[in-house]
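Q: Chain by chain, the residues:
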Amino acid sequence: MSEESTPYLDVLDELDLLPTDTVSAFVVGSTARGWAHGASDIDVVVVCDAPFTDGRLLDLQVPLDPRTLSVAAFGHGGRRWEVRYWLDRQVEQLLDKVSWAAFDADRAADNRLWSVEQLFLARLQHCLPLSGGRWIDDRRERLDDSAFRTIMISGFLALTDHAVQAAVGQLDANNVEDAVLLARTAFEATMEALLGGRGDLEAGPKWQARRFRAAAPEQVTFDQYWSIQTMRTLDPADPEKWISTVLDLCQSVSMEIEL
Amino acid sequence: MNDVVTTQTVPKRRVTARVRRHGGALLVAGPVDVFELRDSAEFIFRAVDGIRTVAQIADLVAQNYDVPLDEAVADIRELVGTLIEYEIMEADTERAE
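Quick mapping for you: the protein sequence lines, in order, are chains A and B.
Under this note's numbering, think of the first position of the first sequence as 2, with each following residue one higher.
Under this note's numbering, think of the first position of the second sequence as 67, with each following residue one higher.
Worth flagging that the hints you see were computed from the coordinates, not collected in a lab.
Since the structure is predicted, the reported quantities are computational estimates derived from the model, not experimental observations.
Be careful, since some hints might not be right.
Over the 12 Å line for every Cβ pair with chain B, so calculated as not near, a few chain A residues [unchecked claim]:
| # | residue |
| --- | --- |
| 1 | Y9 |
| 2 | S31 |
| 3 | D66 |
| 4 | R68 |
| 5 | S155 |
| 6 | N175 |
| 7 | D236 |
| 8 | S253 |
| 9 | S255 |
Here are some of the chain A residues that sit facing chain B, going by a computed Cβ distance under 10 Å [to be verified]:
| # | residue |
| --- | --- |
| 10 | T54 |
| 11 | D55 |
| 12 | T151 |
| 13 | D249 |
Glycine residues also receive a C-beta, built at the ideal position from the N, C-alpha and C atoms.
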């Protein structure tokens, strides 16, 4: 391996889980972002030239050629590790999928990316390189120049639209309780769009508050965010007011996110 | 000139209106149609908050763009009227003249 080798790679090497044709390896997720705690998984991505075969690996389906990527999951040092083995050519296909040319050819395409693909690209932006730093720099640069951010933010805002329409429909039908939950859904999607606009596309509830603090978007303060997420300003005697405030905020924030 | 929207009309953006910022313009959409708002049109859209009257928004536009007040009123009535027609805005008719 290169001079960039680290203890993470040493572990994989010791366990015969590091292919000889590895072109790049990096840690992703909470460990890469410095947010890991004692029970956090260690998530590693290894990019290689040829499919890595080993009896301990599982296959994960991807809509690429080849249609699977191998995954190793094991315990080591009191932590759970997961290693995903991507092929260089699968990454190439993925970057082609999110190119501006592909996006412009069919802007209305739904489900352009599977969640496994979204996660790979989103995590690449905040990864901790272990080897193949030049490969990572090049792919990050291409990702920055791609339509990935626009695709993801558009998806979040479409979720916002859907939830807002549904909330208003439930209000019209006097189903206030579901309208409250839909307003919260709309808010959560809008916050993902907002964080995406700040370069954080690792969507999901697991770290959203931490990601929000780190991104510190100027459009919504953490107190505002926290107040709505925890629903602490919801007055049971007047839930419509809370719904209206949340939906108005979703719209105002949406206006500020450049696609 | 739009006859439905008066200087005392209080326009409000519908929460169901979809909004996107793209290429420096604000795209706003109702159930069907999408409009691209630039410059003063976007300024007006942002100034619509469900509290200000058309007259109050016109004051802001006149100050910000250094245009005569009657011209600002006419522009706002036209834009707001169109956006109401396309279900992007609604008006508080109780406060209308």
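Q: Does each hint fit the structure? Answer for all of them.
A: Cross-check of the supplied hints:
1. Y9: holds (40 Å)
2. S31: holds (31 Å)
3. D66: holds (32 Å)
4. R68: holds (34 Å)
5. S155: violated (8 Å)
6. N175: Non-interface label on N175 (chain A) holds, nearest chain B Cβ at 17 Å vs cutoff 12 Å.
7. D236: Holds, since 19 Å exceeds 12 Å.
8. S253: violated (9 Å)
9. S255: violated (5 Å)
10. T54: violated (45 Å)
11. D55: For D55 (chain A), the interface hint is violated, since the closest Cβ of chain B sits about 46 Å away, which is over 10 Å.
12. T151: Interface hint status for T151 (chain A): holds (8 Å vs cutoff 10 Å).
13. D249: With Cβ-Cβ at 6 Å, under 10 Å, it holds.
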